[in-house]
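There are 2 protein chains.
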Amino acid sequence: MPAARILLGPGPSNVNPRVMKAMLSPVVGHLDPDFVKVMENIKRLLRIVFRTKNEITFPVSGTGSAGMEAVMANLIEDGDEVVVGVNGAFGTRLAEVASRLGAKVHKVEAVWGTIVEPAKVAAALNAAKDPKLVAVVHAETSTGIHQPIEEIADLAHRHGAMMAIDAVTSLACVPVEIDKWGIDACYSCTQKGLGAPPGLAPVTFSARAMESVHKRKTKCRSWYFDVALIEQYWGPDRLYHHTAPITMNYALYEALRIVVEEGLEARWRRHRINAAAFQAGVRAMGLQLAAQEGYRLPQLTTIAVPAGIDEAKVRAELLRLFNIEIAAGLGPLKGKIWRVGLMGEGSRRENVMLALNALEEIIGSMGFEIARGRALTAAEDAYSAEGTGAGEPPAEAS
Amino acid sequence: MPAARILLGPGPSNVNPRVMKAMLSPVVGHLDPDFVKVMENIKRLLRIVFRTKNEITFPVSGTGSAGMEAVMANLIEDGDEVVVGVNGAFGTRLAEVASRLGAKVHKVEAVWGTIVEPAKVAAALNAAKDPKLVAVVHAETSTGIHQPIEEIADLAHRHGAMMAIDAVTSLACVPVEIDKWGIDACYSCTQKGLGAPPGLAPVTFSARAMESVHKRKTKCRSWYFDVALIEQYWGPDRLYHHTAPITMNYALYEALRIVVEEGLEARWRRHRINAAAFQAGVRAMGLQLAAQEGYRLPQLTTIAVPAGIDEAKVRAELLRLFNIEIAAGLGPLKGKIWRVGLMGEGSRRENVMLALNALEEIIGSMGFEIARGRALTAAEDAYSAEGTGAGEPPAEAS
Chain V
82 MPAARILLGP
92 GPSNVNPRVM
102 KAMLSPVVGH
112 LDPDFVKVME
122 NIKRLLRIVF
132 RTKNEITFPV
142 SGTGSAGMEA
152 VMANLIEDGD
162 EVVVGVNGAF
172 GTRLAEVASR
182 LGAKVHKVEA
192 VWGTIVEPAK
202 VAAALNAAKD
212 PKLVAVVHAE
222 TSTGIHQPIE
232 EIADLAHRHG
242 AMMAIDAVTS
252 LACVPVEIDK
262 WGIDACYSCT
272 QKGLGAPPGL
282 APVTFSARAM
292 ESVHKRKTKC
302 RSWYFDVALI
312 EQYWGPDRLY
322 HHTAPITMNY
332 ALYEALRIVV
342 EEGLEARWRR
352 HRINAAAFQA
362 GVRAMGLQLA
372 AQEGYRLPQL
382 TTIAVPAGID
392 EAKVRAELLR
402 LFNIEIAAGL
412 GPLKGKIWRV
422 GLMGEGSRRE
432 NVMLALNALE
442 EIIGSMGFEI
452 ARGRALTAAE
462 DAYSAEGTGA
472 GEPPAEAS
Chain A
82 MPAARILLGP
92 GPSNVNPRVM
102 KAMLSPVVGH
112 LDPDFVKVME
122 NIKRLLRIVF
132 RTKNEITFPV
142 SGTGSAGMEA
152 VMANLIEDGD
162 EVVVGVNGAF
172 GTRLAEVASR
182 LGAKVHKVEA
192 VWGTIVEPAK
202 VAAALNAAKD
212 PKLVAVVHAE
222 TSTGIHQPIE
232 EIADLAHRHG
242 AMMAIDAVTS
252 LACVPVEIDK
262 WGIDACYSCT
272 QKGLGAPPGL
282 APVTFSARAM
292 ESVHKRKTKC
302 RSWYFDVALI
312 EQYWGPDRLY
322 HHTAPITMNY
332 ALYEALRIVV
342 EEGLEARWRR
352 HRINAAAFQA
362 GVRAMGLQLA
372 AQEGYRLPQL
382 TTIAVPAGID
392 EAKVRAELLR
402 LFNIEIAAGL
412 GPLKGKIWRV
422 GLMGEGSRRE
432 NVMLALNALE
442 EIIGSMGFEI
452 ARGRALTAAE
462 DAYSAEGTGA
472 GEPPAEAS
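Residue numbers (our numbering), protein chains in the order written: chain V, 82 to 479; chain A, 82 to 479.
One or more of the hints may lead you astray.
Pairs count within a copy or across copies, as identical chains cannot be separated in the list.
[To be verified] When the alpha-carbon atoms are kept at most 30 Å apart in a straight line, the in silico DSSO-like pairs for lysine-lysine are as follows: (1) 210 - 102; (2) 394 - 300; (3) 185 - 210; (4) 298 - 188; (5) 415 - 394; (6) 296 - 102; (7) 134 - 296.
Keep in mind the hints are simulated off the structure, nothing from the lab.
Bound-form chain V, shown alone:
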């Protein structure tokens, strides 16, 4: 079995020991009255974390990409017009998933590393005949872009369309305001901001989205992801649909409890402060941040690989020397950026310092000119400006 690593990639992030312990709870039947209590608590806590009153809020029994497919498969029928923001790998995937499900996809493209402009979404909505759904990625994991959502959700609704967002890399890291923003469907994962292992995809559907599901002219192409069936299992009917991944639900339950104990606002602030310190350090080192200024995710920083530096070797050395995982770029950004995650349990001051120090050491030894120590000083200055203790998650509760 693998040894522990410091996981500073785009996820999975490190798992809180309380979550590991929760997974040792005995497996019981998926309709066991005790498991039903766990299900009810998960739904309740997910509503808090999604900031929603949506009744239909539960974890899909698959990973984040299963959440994407579940949302798309339920809201799309053959021939439906769907407007999709495409400015990275996950927007590209959204368009592909929608297309396979029979949608007529209107892509709103933007250069990878920049946001999807609301004006372009408006133009696509105007060009469409009868748009049913707008889908964009809130935190584009391939580029580090923090997509503004509210204006696009307003546009969608003004055109009579529903709004879906990909919150795989945003939930519990930055504000995800399902009800306030008027989001009709949203999916996330367990292994990033929530700090559990991968294996489930929390989703939420608005009353309007469920009305659309119940009014479908054709059955959902996917039986496994059909929320009209799953709601009868996760709802009071407890009708058997599939066997929920019991242990992963224990993990999610405990992870959600930790998030709610810390408080969402405190958690968002922690992510913001650690990212500010890390990004200050990166710049002080002489490196460039890769994502559009003003729209950088705190939980995932993308760094431009400097000319002459072997990006893969830097990652390999980080792993070999310091046991730190960071990630490469995807698609057109392959070889051009690194992706450094400070998310969930991993967003902590010590990781900021470890990563900056390690990057400085490795890139410096490869001939990139660095004024040694400047990165740590810049990070410390950033922390000082915020006051002490801001960069740490709460200690493990008893």
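Since the structure of chain V is provided, determine the placement of chain A on it from the hints.
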């Protein structure tokens, strides 16, 4: 969190402590070189357990029903003719899944609790214009029927069709001979015969099935389950598709190691012996077995609820008094049968004795006339006929 139970339902079954420990292994990245080794070992061990040389053998990142959908979604295109055996809840589900994916479904129906007759499959194949796929359930979890496969697979191939089987409740309990029987696609789960928690669906696709996948005229409707994409992640390319459920893969790896250490033949024999003892005890108590004689699963015994007995109360009392979970009937068998699983780690002599004794106590107290003690004697006689020690799984290894 729930307390431990004796899980004698149709799954999940009890989990070996070694598997629980394996889940405490640190979560690492889904492309981490150490995790890649785990993936390779899982594929190797799954091939042993499926009795196949199929290259494309891996766990789908979802539960058993996700395995069903993955097999169907990859092999079916709009308008394809599919022959499906329907003699229980899971055959019904297979037909439903195939239909949603656009197949023209030819159902071969049989009374719940009886097998699908090969002659009827032959008739359906003859009636079809160009059958592409035959799909049947090997172990029908809703009825306890052990479906003969070989003759149906031969028929399918003679008609130029592929053969798919549902081995959700059969793998690692009774022989599943993918290569010998000529099975083109098969799916299972982790929480029954394999003795891990639910969360993954081992699947295997023959070279012929993969050829059909690669020759599709249309893309697989499901991006998440598209084996043409997943094979590039689970294969040597290691192309990112989705984030595998790391911890569940650790659990599956350890569970597979335990199965292979015990040996498949020994494991099948253990299931057979414990079932023979349990079923002898049930009959000695005066109860009737519900599945067609000669085709009863060892890992899942179905018992007819005697007239005048409240079946739900029996289950509730088993749970309340003895902490034993058994299951109710589904669909037309609701209220008419109990389903008692002796599968994986749970197939052990002590569970046979506990279950018989508890059933006798509860049903006896409800006015069903039982000659007390006869069930245990019958079970002991069955064990004696097999020699000692046959009913226990191996002790936990160091």
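Cross-check of the supplied hints:
no. : hint      : result
1   : 210 - 102 : neither (53 Å within a copy, 56 Å between copies)
2   : 394 - 300 : neither (49 Å within a copy, 37 Å between copies)
3   : 185 - 210 : within (11 Å within a copy, 32 Å between copies)
4   : 298 - 188 : both (25 Å within a copy, 24 Å between copies)
5   : 415 - 394 : within (14 Å within a copy, 61 Å between copies)
6   : 296 - 102 : neither (43 Å within a copy, 46 Å between copies)
7   : 134 - 296 : within (22 Å within a copy, 46 Å between copies)
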